[in-house]
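> These are the residues of each chain, in order.
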Amino acid sequence: MNHILDIALNDLVQIVRDRKVFLFLLIMPICFTLLFGYAFGGFSSGGDSDPRLPVAVLDEDDGRFSQELFALLKGSEVIRIETDLEKSRFDYEKALSDGDLAGIVTIPAGYSQAMLDGQPIPLDLWADQASTTGTTVQNEVLMAAKRLASAVWTAQITSQAAGKTADFDALVSEALLAWQEPPIRIEATSGVVAEEEPSQSVMSMAHTAPGMILQFAIASLLTAAQVIVSERKSRCLQRLLTTATQRVHILMGHFLSIFAMLFTQFMLLIVFGQFILKVDYLRLPGATLLVAVASVLCIAAMGLLIGVLAKSEEQAVMFSLIPMFVLSGLGGAWVPLEFTGAAFQTIGHASPIAWAMDGFKNIIVRGLGLESIWLPVAALVGYAVVFFGLAAWRFRSE
Amino acid sequence: MQPAIEVQNLHKSFGELKAVDGASFNVPQGEIYSLLGPNGAGKTTTISMLSTLLRPDSGDALVMGHSIRKDPMGVKSVLGVVPQDIALYEDLSARENLTFWGKMYGLRGAALKQRVDEVLEIIGLTDRQKGRVSKFSGGMKRRVNIGVALLHKPKVIYMDEPTVGIDPQSRRSILDSVIALKNAGMTVLYTTHYMEEAQELSDQITIMDHGKLIASGTHDELVKIVGQMDRIRLTINAEGARVVTAWKSTPGVKQVTAEDGTLNLLVDDSNQVLPRLFDAATTSGVRITSVDIQLPNLEAVFLHLTGRALRD
Ligand SMILES: Nc1ncnc2c1ncn2[C@@H]1O[C@H](COP(=O)(O)OP(=O)(O)OP(=O)(O)O)[C@@H](O)[C@H]1O
Ligand SMILES: [Mg+2]
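Protein chains in written order, with my numbering: chain L, 1 to 398; chain A, 1001 to 1312.
Same shape as in the complex, but just chain L (with noise of 0.2 Å):
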């Protein structure tokens, strides 16, 4: 036991006095962050996470019809709104053509009388029609205040049938809740948006930084691989098997230290990520440990196999490299693959980096719950398995 803890802080030694090593483990991968999460930023500000788009609602009605409509397009998941007080309808209007919005829509005064009139009077929208971004928009408000005028009207029908003993108002709010689950879905993906200019709504930090993290993980494994590949060229590994410890001993050491290089590297970059770039990476911070442990351990494992099966420094090297930009590119760290097809999706989770893409974004963009987590981090655990079982079995024959 004391071997293993022996040998990996032999590596640790080695690989920290191979100064590159700090490149890969946090320079490149900050600068690369905030490269990427602010040159296609697009809408979002800082450490925004939401890739919707910005929509500004001023409701110059503030009646009841207003504020169920209010809350229709706040749960949309193509819009996003962004409604400040402080602001006028001046400053909205600049931050449209300035591109900082995607639209505004007003609800005007008298839009809760008219409805219930019968007689709706339409929302005023401004959206730059020429583009799928502005179209998006109008679609979606659309749909919202059809909605709405539809349940008002199945409320009215339904409470001139009960009469009196109805109460209007738990009508309406039943036949909105039967929107909820339509009998035609209308999907309303965002990837309509994407075509256009997927950089923007989409490039935050809270893609990126994760991303980067995964991607310069794998980048750091070429000094740790490259220790390995010197202890067995340097005949260190050979006079290792002459003492007595255990072939299995000195694996789990080299294990061990990648594993702990790589764990510094992530604790330290989400802790930059959540408090310099805003990334709520502690929304859940069990889940994003979990899913923190299971992509350093699956990293660590590929990282040992390198080792392993690289002959010479120049291999590791490229053994590192080569895995690092296939497996990022293909697993999404630089595109998201929410935004390719079906097909590279399914493709792209051939790649760990995937699995460990969907775990970060499940907490930090998705909003989702902790159980969202356990099958990328059960796919990482199998990947790391795996990794080391090919690790240790072409080991053997050292």
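Careful, some of the hints might be misleading.
Label-pair ranges, simulated between beta-carbon atoms [to be verified]:
#	chain 1	residue 1	chain 2	residue 2	range
1	A	E1090	L	A350	33 to 43 Å
2	A	D1057	L	V326	35 to 45 Å
3	A	E1090	L	R396	18 to 28 Å
4	L	I27	A	G1124	35 to 45 Å
These are calculated hints, taken from the structure and not from any lab test.
Everything numeric in this text was worked out from a predicted model, so none of it was measured.
C-beta: ideal position from N, C-alpha, C; glycine also.
Go by the hints and put chain A with the ligands onto chain L.
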């Protein structure tokens, strides 16, 4: 007392090549035992099998009673190995290397620290202990390489050509430390292709060539194989075929071999034979350009047994 190492008919081939072809010998406890042989003789292959790094094709060996086949961990626990190729972590200092290897040999804490200090003293690197091994000279690396194997005071230590490629001073200090090991009660299996080293250090010597053990015994016993013959090395100024024939039939000449323009002769008594050699040369019209007379030694034994010189 059982031998420290009992080697029983070890065989190892690499493809067609028989690297070790039936090696059997016993190394008594507390002795320095040398395997002497030229490059490719099979010394390292033998050592590798005895340290359980290579599995023999057939045969077995017991090291302090532990079988290399059935109880490799037992073998390793009594063993220190100085490999022929330097095996150190280049990015670590001498002290860090010794400390790490000490841990691998099961030393800990204060005992480890003290032993590292002692070993640094033995290998004469106390004042360079903080230097990175990558910055060391070849001789200094060799010394650290040896030091590693001394850390846990093993009962048996293998040293595979520990003096290759270093200056005479470092070499002297290494040879002295080998003798010190013996005096401390360790058993040393030593390989070399320098006959002087084998002669100076060893209680017993085995001569190896092409995977076979061709002779073994103490230095004196081995030298008796060539009797009281002297060895003469000659160079001549011309193609030597005629004079070689003449010399072969000269009284007192036992053996003549030619190698790279040098002629090696084994003769009964150089004082009497040498004038006859010069006469024969003159008759054949050949001029002798250099003469070197050596008294009986392992070199002569090797030459006698294989027809080749030990050194290239
Ligand atoms: N792993 C191997 N694969 C193939 N051939 C090998 C291997 N190891 C050794 N040999 C061959 O076996 C023979 C014996 O080699 P070995 O290293 O045991 O010789 P040695 O006596 O130690 O020589 P040296 O004095 O040069 O170290 C050589 O011909 C060598 O080429
Ligand atoms: Mg050798």
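> Any of the earlier hints contradicted here, and which numbers?
none
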